[in-house]
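Here the structure of chain A is known, so what remains is to put chains B, C and D in place on it, guided by the hints.
4 protein chains.
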Amino acid sequence: MVKVGIIGAGRIGKVHAESICTRVKNAKLKIIADPFMSDETEAWAKGMGVEQVTKDYKEILQDEEIEAVIICSSTDTHSAISVEAIETGKHVFCEKPIDHDIEKIKQVMEALKKTEVKYQVGFNRRFDHNFKAVKDAVANGKIGDPHIIKVTSRDPEPPSAEYVKVSGGMFLDMTIHDFDMVRFLAGCDATEIYVQSAVLVDDAIGEAGDVDTAVITLQMENGAIAVIDNSRKAVYGYDQRAEVFGSRGMVATANDSLSTAVISNEQGVTGEKPLYFFLERYMDSFGEEMKQFIEAIENNLDTPLGVIDGLKPVLMGLAAKKSVEEHRPVNISEISF
Amino acid sequence: MVKVGIIGAGRIGKVHAESICTRVKNAKLKIIADPFMSDETEAWAKGMGVEQVTKDYKEILQDEEIEAVIICSSTDTHSAISVEAIETGKHVFCEKPIDHDIEKIKQVMEALKKTEVKYQVGFNRRFDHNFKAVKDAVANGKIGDPHIIKVTSRDPEPPSAEYVKVSGGMFLDMTIHDFDMVRFLAGCDATEIYVQSAVLVDDAIGEAGDVDTAVITLQMENGAIAVIDNSRKAVYGYDQRAEVFGSRGMVATANDSLSTAVISNEQGVTGEKPLYFFLERYMDSFGEEMKQFIEAIENNLDTPLGVIDGLKPVLMGLAAKKSVEEHRPVNISEISF
Amino acid sequence: MVKVGIIGAGRIGKVHAESICTRVKNAKLKIIADPFMSDETEAWAKGMGVEQVTKDYKEILQDEEIEAVIICSSTDTHSAISVEAIETGKHVFCEKPIDHDIEKIKQVMEALKKTEVKYQVGFNRRFDHNFKAVKDAVANGKIGDPHIIKVTSRDPEPPSAEYVKVSGGMFLDMTIHDFDMVRFLAGCDATEIYVQSAVLVDDAIGEAGDVDTAVITLQMENGAIAVIDNSRKAVYGYDQRAEVFGSRGMVATANDSLSTAVISNEQGVTGEKPLYFFLERYMDSFGEEMKQFIEAIENNLDTPLGVIDGLKPVLMGLAAKKSVEEHRPVNISEISF
Amino acid sequence: MVKVGIIGAGRIGKVHAESICTRVKNAKLKIIADPFMSDETEAWAKGMGVEQVTKDYKEILQDEEIEAVIICSSTDTHSAISVEAIETGKHVFCEKPIDHDIEKIKQVMEALKKTEVKYQVGFNRRFDHNFKAVKDAVANGKIGDPHIIKVTSRDPEPPSAEYVKVSGGMFLDMTIHDFDMVRFLAGCDATEIYVQSAVLVDDAIGEAGDVDTAVITLQMENGAIAVIDNSRKAVYGYDQRAEVFGSRGMVATANDSLSTAVISNEQGVTGEKPLYFFLERYMDSFGEEMKQFIEAIENNLDTPLGVIDGLKPVLMGLAAKKSVEEHRPVNISEISF
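Sequence lines, in order, name chains A, B, C and D. 4 is the number of the first residue of the first sequence in our numbering; add one for each residue after it. 4 is the number of the first residue of the second sequence in our numbering; add one for each residue after it. 4 is the number of the first residue of the third sequence in our numbering; add one for each residue after it. 4 is the number of the first residue of the fourth sequence in our numbering; add one for each residue after it.
For reference, chain A alone in the conformation it holds in the complex (with noise of 0.2 Å):
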């Protein structure tokens, strides 16, 4: 049984204590930290059977019984707590991204250098069923060598134009998501992004000087191609796909929708919308990821996404940035490192 705390009791920080509550058998969630600590997490965090809540995420790297620490904390104390876990020997797994600054991800990657402790970055969406199961295909040699892939993520709704200013603005804090899944479907890192983008969906976006709409092309080191088509806002729902067309074939998702329903009638044949939401979407992902980090502590295994799966994203959110800013190509080497 691997004692787990919890530095983070917002949205995300919930969403693992629930997983961690009801979906994984080997752990047990001991201590939930939150500066803002209210009476109804607090009775929330009692009702799931959480031993002890705290305002200081101090008193988690103190326990001695602690193992592990998931890091749900605000993004800018991500790396922070992320060495200082490290440093006194816990187990972390950290919610995406380490940071937006290079420099900080490195001194995460320097303390891991010392230690054997596990660290896992949260990219829940590889953990899903569909994009599992395009990996699945990729990796067992049933569409070939990939030639194409493609990836199309919308958003439902924009965010505040508040919001975008601190968010990093939208390749570090959306397509990050998208650059990790690259990735993960090609198995192998980008060589160079091109970035066409534009503000479409919302002009306060525009004027918070970020943009809301992208296509974004990279070329893999394997040869393959891939291409990212981003917007902020799909009426429709969350739109989440992925296609890897190959040397043998294609492999390509849907949407997931809340059931199979088909009504038809006079104005056509209906089906329901994809699901709307990233918590109802990628509920299941959640679970997944914690499973696999806490079985990577107790049968001492690599983690499924290192440190470095945290650091590459960042370097092509940068280079993402850069293409757009300098209207060309960009090698990734370009971003210092």
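Derived from the structure by calculation, the hints contain no laboratory data. Bear in mind that the values here come from a model prediction, so they are computed numbers and not experimental data. One or more hints might be untrue.
Heads up, the list lumps identical chains together, so a pair's fine if it works in one copy or across two of them.
The calculated lysine-lysine pairs, modelled on DSSO-like cross-linking and capped at a C-alpha distance of 27 Å, are [as the list claims (entries may be wrong)]:
| hint | residue 1 | residue 2 |
| --- | --- | --- |
| 1 | LYS109 | LYS168 |
| 2 | LYS236 | LYS58 |
| 3 | LYS236 | LYS116 |
| 4 | LYS107 | LYS28 |
| 5 | LYS31 | LYS294 |
| 6 | LYS33 | LYS145 |
| 7 | LYS49 | LYS33 |
| 8 | LYS28 | LYS6 |
| 9 | LYS33 | LYS325 |
| 10 | LYS145 | LYS236 |
| 11 | LYS116 | LYS168 |
| 12 | LYS315 | LYS135 |
| 13 | LYS28 | LYS294 |
| 14 | LYS17 | LYS325 |
| 15 | LYS49 | LYS325 |
| 16 | LYS117 | LYS145 |
| 17 | LYS31 | LYS17 |
For chains B, C and D alone, coordinates are given in the frame of chain A:
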């Protein structure tokens, strides 16, 4: 917090136990009883935080803290334990069927008349996302007046001849779910039934006096005609579909599968098979029926499926048997009750 | 080059005329006869290069160059003109049904016994791309032994009560195609039939002594059970599907529509309705049946559908009527022949 | 009745000939010219009722009865014959591309300035049922303002290296259709293009100086971003899809296949491959473009695709080549015209 006891720790008992522990917020599983309680089962129960395990279900009935009982014992004990639990004032969730013998179901009905306890029967498919979407479309008038109701229900693997002998036959063992579904979708009862059946899957089933393939036509009270097609063996998995056609349109479902991934290659365009096993196909529905049972207790509501809903499909199953024996349409009222 | 005459220039006569002129390479349409031949029809015929039009079909039978006759006149004349054409040594393609009266079909059978001319009945759906694909899958063993055969056949609009009165009733007018389809897909005859029917679409149909909704169960000679569901009115268009389930799998079709375009918006994910009208849905099949008729003549082959294939669905239709009247399963052999 | 001559009796010339003879009511094909006119071709032409065949296309231009000319000769003769035909006052339907050389297209444009003859270019895909449905959805505002336009266009088999050498390269030979499609769906021109391309299908194509795989990003005048993905070889058949995503929704097409039949068995749920060959996939569109050409003549309307629509995709193709050579986004205006 409704304190609950489960009687019977077999496959379905375990499903309900896990539902209560991980999916039903306002219930607490206190005791699990099973005459063959093993060390392994005990460890599993303790791991979920169950206080007490026992070989004697009477301990549950005698426990004053226990408000509700989930009966998952062998079918032949359902009615007797139901009566016993009702008489001790416990709310009862009883797995389907209550009994194959109408007289015994009547005894449960009699017991219920004298009390205010809640009684729910475990026709879980009503709580499935796909079938619920069909029902909602019908109930909301999306397809107008129902004219034709079609239920396809095919198991992935036939039962053993031994099981067939004690099962009450396909109509009471397997089709009983479909009889409930037809009532649910039509929103009314059947008045007449005609069965065309055959032994096409396994001769041993025929030798055991049963059939393994059937097309069953039902006249519904509201004028609609329903048709169920059953097979004990669909090599591609568990085939569970419904279609309702009416004056203003049609609603139909497809099967669920593990992912939406589709592979296109020289052989064709291939998607995943339907989920193979009823537990993976219907897992969420088991949680949902339990949630609604607990809610009915907490808020003093009618349960979504009362004892009468347990009775009617048995009457339909007995009428189906009679239709086969006498090779003619049988009015449900011919089954003495 | 097979020279052909068409008797009857109504809707279906025109379809066959256009097929011969544009799709059948080895046939030449020489004469079209229709008692109500209009100037418009004459112009249309001449525009296609037809040499001669006439009000008197006997001119076709007397023309020595004519090798084959397509009978598209009113149903009550099919059998008499068939006999007449056979006796003058012409090959005959006769629209379905040959007649509703078994005696008259027998006369055609008698006439054929004395000659070597080809005779084909116009059950065009056998030549449809979708139904042919189902048949091929069954015939090639892709689904093993057939266990359950399902045909859904729903018209987009009900006929007028006036038409209903002279139509022979739904089973001989509409279901007759489905009876042929069941024989085609099963590869054998039905032995018994049971009908559950209702008047749910239009009371005037009931007042005219007919039904408009039915579920029809058939026992097939090879052990399979077939079920047809019919409605005279599907508001979403012409619903024409088939499914064959067997020991090694299932083959099923969906409807055809005008395009594969699907619109996702706030209302859902909406594709096009099925094609509305039988002529647009089945146009290619009319060309294909005609091609095969001409090929049978040219290469002295059996036609794909002989007079017996014209007879059997009529027997099934009469048995269906008897089943409704006597409210019981009826053996096809009860229909005296 | 518009009398028509066809210049060039190769594959596409034959398609247009058959369209005119069987699908276009108001046109009559009088003469077919081909320098390599064979006996077989002559017999085929006569069989369709064509009056005259010749090796010399000038006979068509000199025939005063001929109102319209269909140019299906080799690409390098398209522009010169176009000019010649225009100057003799014939309406012209010219197969795509008019030429790869902008100067030669300009000569056609100059010739047209002096006359009133109709000129149409053979981008047949605009007349395809699926792409037309997408265009209609966009044009009718069903998806709001277009934001992202995606065209997938993959051939079933790569051309020979010999063909590649004379083809003008993939962008002018194959992608040219997709460039037209992007203009058609967007309803405006592209301003800039960026190409990521590779040789992944056949090294011989690379040795011939061409590419066989590409992802092409286009900035459209209306603000939308378009992306085309191309491959010279999709083993599963001819992959021809489009998707337009906008402020109010998305419209997308799937491929056409021979039937809707789907087989479910132990291997999965398998539908038919996309139609393999462009002639079977697009046959109806060839008939439709010809109908509209003849209608434009008869009713003195603009043709649906004028000479400018023949020019623009060539400019885009040349810009694409430049983007590959210079590895940067290229403004279409950089292509001198």
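Comparing the hints with the structure gives:
1. Taking CA atoms no more than 27 Å apart as the test, LYS109 paired with LYS168 passes inside one copy only; the shortest distance there is 24 Å, against 50 Å between copies.
2. Taking the shortest alpha-carbon separations for LYS236 and LYS58, neither the intra-copy value of 36 Å nor the inter-copy value of 57 Å comes in at or below 27 Å.
3. Taking identical chains as interchangeable, the C-alpha atoms of LYS236 and LYS116 are never at most 27 Å apart, the minima being 41 Å within one chain and 46 Å between chains.
4. Within a single copy, LYS107 and LYS28 get their C-alpha atoms no closer than 33 Å, and across copies no closer than 41 Å, so neither meets the 27 Å cut-off.
5. Taking the closest pair of Cα atoms, LYS31 and LYS294 come within 27 Å of each other both inside a single copy (12 Å) and across two copies (25 Å).
6. Taking the shortest alpha-carbon separations for LYS33 and LYS145, neither the intra-copy value of 43 Å nor the inter-copy value of 49 Å comes in at or below 27 Å.
7. In the homo-oligomer, the alpha carbons of LYS49 and LYS33 lie at most 27 Å apart both inside one protomer (10 Å) and across protomers (18 Å), since each shortest distance falls under that limit.
8. Both within a single protomer and between protomers do LYS28 and LYS6 lie at most 27 Å apart by alpha-carbon distance, with minima of 12 Å and 23 Å respectively.
9. With identical chains, the CA atoms of LYS33 and LYS325 are never at most 27 Å apart, being 44 Å at best within one copy and 60 Å at best between copies.
10. Only between protomers do LYS145 and LYS236 lie at most 27 Å apart by alpha-carbon distance; the minimum there is 16 Å, versus 33 Å within a single protomer.
11. With identical chains, the CA atoms of LYS116 and LYS168 are never at most 27 Å apart, being 34 Å at best within one copy and 54 Å at best between copies.
12. Taking the shortest Cα distances, LYS315 and LYS135 sit within 27 Å of each other inside one copy (20 Å), while across copies they are farther apart (42 Å).
13. For a Cα distance limit of 27 Å, the shortest separation of LYS28 from LYS294 qualifies both inside one copy, at 8 Å, and across copies, at 22 Å.
14. In this homomeric assembly, LYS17 and LYS325 never come within 27 Å of each other (Cα to Cα): the closest approach is 35 Å inside a single copy and 52 Å across copies.
15. With identical chains, the CA atoms of LYS49 and LYS325 are never at most 27 Å apart, being 47 Å at best within one copy and 56 Å at best between copies.
16. Within a single copy, LYS117 and LYS145 get their C-alpha atoms no closer than 40 Å, and across copies no closer than 58 Å, so neither meets the 27 Å cut-off.
17. With identical chains, the CA atoms of LYS31 and LYS17 are at most 27 Å apart both within one copy (14 Å) and between copies (21 Å).
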